[in-house]
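Engineer: Chain residues, written in single-letter form:
2 protein chains.
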Amino acid sequence: MSYLDLVSPLTRVYRLPTPLDLELGGTLPQVQVAYRTWGTLNAAGDNGVLVCHALTGNADLDDWWQPLLGEGQSLDPSRDFVVCSNILGSCYGTTGPTSLNPATGQPYGPEFPAITVRDMVRAQGQLLAGLGVRSLRLVIGGSLGGMQALEWVLQYPDQVQSLAVIAAPGRHSAWCIGLSEAQRQAIYTDPQWREGYYSADAPPVQGLAVARMIAMSTYRSWASFQQRFARNAADRGLGDRPPSPYAITDYLHYQGAKLVSRFDANTYVTLTRAMDYHDVGAGQVSLGPTPDQRYRAALGQITQPTLVVAIASDILYPPVEQKELVNLIPRAQLSWLQSPHGHDGFLIDMYPLNQQVRQFRLHTRAGE
Amino acid sequence: MSYLDLVSPLTRVYRLPTPLDLELGGTLPQVQVAYRTWGTLNAAGDNGVLVCHALTGNADLDDWWQPLLGEGQSLDPSRDFVVCSNILGSCYGTTGPTSLNPATGQPYGPEFPAITVRDMVRAQGQLLAGLGVRSLRLVIGGSLGGMQALEWVLQYPDQVQSLAVIAAPGRHSAWCIGLSEAQRQAIYTDPQWREGYYSADAPPVQGLAVARMIAMSTYRSWASFQQRFARNAADRGLGDRPPSPYAITDYLHYQGAKLVSRFDANTYVTLTRAMDYHDVGAGQVSLGPTPDQRYRAALGQITQPTLVVAIASDILYPPVEQKELVNLIPRAQLSWLQSPHGHDGFLIDMYPLNQQVRQFRLHTRAGE
Chain L
445 MSYLDLVSPL TRVYRLPTPL DLELGGTLPQ VQVAYRTWGT LNAAGDNGVL
495 VCHALTGNAD LDDWWQPLLG EGQSLDPSRD FVVCSNILGS CYGTTGPTSL
545 NPATGQPYGP EFPAITVRDM VRAQGQLLAG LGVRSLRLVI GGSLGGMQAL
595 EWVLQYPDQV QSLAVIAAPG RHSAWCIGLS EAQRQAIYTD PQWREGYYSA
645 DAPPVQGLAV ARMIAMSTYR SWASFQQRFA RNAADRGLGD RPPSPYAITD
695 YLHYQGAKLV SRFDANTYVT LTRAMDYHDV GAGQVSLGPT PDQRYRAALG
745 QITQPTLVVA IASDILYPPV EQKELVNLIP RAQLSWLQSP HGHDGFLIDM
795 YPLNQQVRQF RLHTRAGE
Chain C
445 MSYLDLVSPL TRVYRLPTPL DLELGGTLPQ VQVAYRTWGT LNAAGDNGVL
495 VCHALTGNAD LDDWWQPLLG EGQSLDPSRD FVVCSNILGS CYGTTGPTSL
545 NPATGQPYGP EFPAITVRDM VRAQGQLLAG LGVRSLRLVI GGSLGGMQAL
595 EWVLQYPDQV QSLAVIAAPG RHSAWCIGLS EAQRQAIYTD PQWREGYYSA
645 DAPPVQGLAV ARMIAMSTYR SWASFQQRFA RNAADRGLGD RPPSPYAITD
695 YLHYQGAKLV SRFDANTYVT LTRAMDYHDV GAGQVSLGPT PDQRYRAALG
745 QITQPTLVVA IASDILYPPV EQKELVNLIP RAQLSWLQSP HGHDGFLIDM
795 YPLNQQVRQF RLHTRAGE
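From first to last, the protein sequence lines are chains L and C.
Every position in the first sequence, counted from 1, becomes a number in our numbering once 444 is added.
Every position in the second sequence, counted from 1, becomes a number in our numbering once 444 is added.
Bound conformation, chain L alone (with noise of 0.2 Å):
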């Protein structure tokens, strides 16, 4: 099985004209990336919008986010020339541990270097330059997807004319780190793993879904889950003898199944390592002397109106976050996404952030 038999076929790939320098050291040679498109560039490549999608996410942004996109919608092609790329690193076409290494003929596997939100950020900067868009109307995204729309704004101020963060951080906390490497140290527990260089035919399937299973814990909530499952045995009807299979368990190691059918450990470990290292001010040493005020001062370099959006049930990324960027970024307003089923909300309740992102989007519209 190929991860690409999981996209459209609709996917293109654009490939890096030139190797891709990584923040942390060395280089990439030979860099695709998998990418969609909506709408049309127009003249003065001026309407671009693109949209950052989350830790396992792929460029299928009309399946993930499908009611933001359309005719008067927040992502609108019959205005906008829509633009979603698979992140550096993952496995759905673009360049990641899955991929050949140009210099053994080998996927990547373990051995693919160490990357950043940042160097994600600088792959879709070269795309978006070979499709010819000067300017973005709007960077928008959740989770690692907002992460990268930070970055983005950052590492091209004058090509962004506004932004959306929703449900991430500017930094990423100690909580969030502990939490990946607990999923990290799951995987590496599972025998299949062998340092990373597991055969494609049997792959850490248990150790990945034990991190999926810690994942969708977090990205839930105490509410929604007691709402949906509450003590509520398993449907099959398993377990003659009690306790029997609660349905929650159930439902977690579907979670952690369909996971593992769609998605690669290497990856895993590369793109967690990736959001651990989020800092928005990292290595920015012209900032400050210390990492909280470089971080501080990175934020406050943000000139374009911005929307971030919290969600009060999300436990992963907390409003606190959210109100920390509305606090250091100049032209940022708070929005809030009333939804109970925690971080995972701006996946579940779109049609209320759908509303929010159209709102901010006709009061920023001026100059278009």
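Be a bit skeptical, because a hint or two may be false.
When the alpha-carbon atoms are kept at most 25 Å apart in a straight line, the in silico SDA-like pairs for lysine to any residue are as follows [to be verified]:
1) K767/L - A674/C
2) K702/C - G744/C
3) K767/L - Q671/C
Stretch-level coverage of chain C by chain L, calculated; a stretch enters the list once three of its residues show a Cβ under 8 Å from a Cβ in chain L [what the hints assert, rightly or not]:
4) 548 to 554
5) 582 to 592
6) 648 to 662
Only part of the chain C face toward chain L is listed, based on derived beta-carbon distances under 7 Å [as the list claims (entries may be wrong)]:
7) S617
8) A618
9) A626
10) Q629
11) T633
12) E639
13) Y641
14) W666
15) Q670
16) F673
17) A674
18) A678
19) A741
20) P763
Read the hints as simulated data drawn from the structure, not as lab findings.
Note that the structure is a prediction, hence the values are computed from the model and not measured.
Don't be surprised by glycine CBs; every beta carbon is placed ideally from N, CA and C.
Go by the hints and put chain C onto chain L.
Structural biologist: Only chain C this time, still in chain L's reference frame:
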């Protein structure tokens, strides 16, 4: 190494005179209960105070809840006969998976039967009868200890004068069951697990460590980790290639290794399953036709003065659960423990907790 080497030499052992019938079926023969006491039982046998410990705890109350124990404190050996016993299924002296199965002469291991919180309480009930304790002034516990306290008053309503339930629910939520399952699956993923038939020389240390890393993340809070670790680099200065290890990941690895050195994997599986089964209404068919009605009716039967302590930052047993207890238990009062540390607040912010329990005891002392 024996886990018994890790507890006080003052620990004593009580052998139950009869086999213990288990709630989910079967009996355990030759059960022993490890316990410690402080103070002196009065002639009437009615000055007992029972302290129930949490998941990986033991009978050494003076070790893990020291500020609450002492003359003039919540648990006062100058007035009370304080008893704390290691719970059924644990590995610190009470019969559990590491104990020898009399039928085989080998440790029970994975063949230890499924037990419940109610079974733990019934074993404690026999211990107290054996010690001559006829009435308990207070039954108190946090987390799994609080679940036991609730079951205590329901199993022995005439022997309990008052109750203190700290950061605990009346039934285990879907979110907690899901996280427990993820932890058990991490253990099962370890090749050294061997379906529970691991050797004492090669236990599933990696899987158990991952389980603890997950658990620790849920015992604390976003704010607690952020305040203490933020994005700090690890002290040890490893990792010549960035991203360097973070202080939080080092901390979780340390916590994982620490648990592995003092706790048994089959025991962890047995006790987390018992917690998942926790529901004060479970099996009480006379109380109503649905599980929810049984749960509510069971709590409604508690006539004792009850202190319910909630921690606002607790994401594992969030305040919504303690508010529910207070709504359903006729003579319950809610008390907030101010702590940024999440669920573990009851083991960290012990001085304010001691004040709250002391106040509660002063007000309910009339009959003593």
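Engineer: So, for every hint listed, does it hold in this structure?
Structural biologist: Hints, verified against the model:
{"no.": "1", "hint": "K767/L - A674/C", "in the structure": "holds (17 Å)"}
{"no.": "2", "hint": "K702/C - G744/C", "in the structure": "violated (41 Å)"}
{"no.": "3", "hint": "K767/L - Q671/C", "in the structure": "holds (17 Å)"}
{"no.": "4", "hint": "548 to 554", "in the structure": "violated (count 0)"}
{"no.": "5", "hint": "582 to 592", "in the structure": "violated (count 0)"}
{"no.": "6", "hint": "648 to 662", "in the structure": "holds (count 8)"}
{"no.": "7", "hint": "S617", "in the structure": "holds (5 Å)"}
{"no.": "8", "hint": "A618", "in the structure": "holds (4 Å)"}
{"no.": "9", "hint": "A626", "in the structure": "holds (4 Å)"}
{"no.": "10", "hint": "Q629", "in the structure": "holds (5 Å)"}
{"no.": "11", "hint": "T633", "in the structure": "holds (5 Å)"}
{"no.": "12", "hint": "E639", "in the structure": "violated (13 Å)"}
{"no.": "13", "hint": "Y641", "in the structure": "violated (16 Å)"}
{"no.": "14", "hint": "W666", "in the structure": "holds (4 Å)"}
{"no.": "15", "hint": "Q670", "in the structure": "holds (5 Å)"}
{"no.": "16", "hint": "F673", "in the structure": "holds (4 Å)"}
{"no.": "17", "hint": "A674", "in the structure": "holds (6 Å)"}
{"no.": "18", "hint": "A678", "in the structure": "violated (11 Å)"}
{"no.": "19", "hint": "A741", "in the structure": "violated (16 Å)"}
{"no.": "20", "hint": "P763", "in the structure": "violated (11 Å)"}
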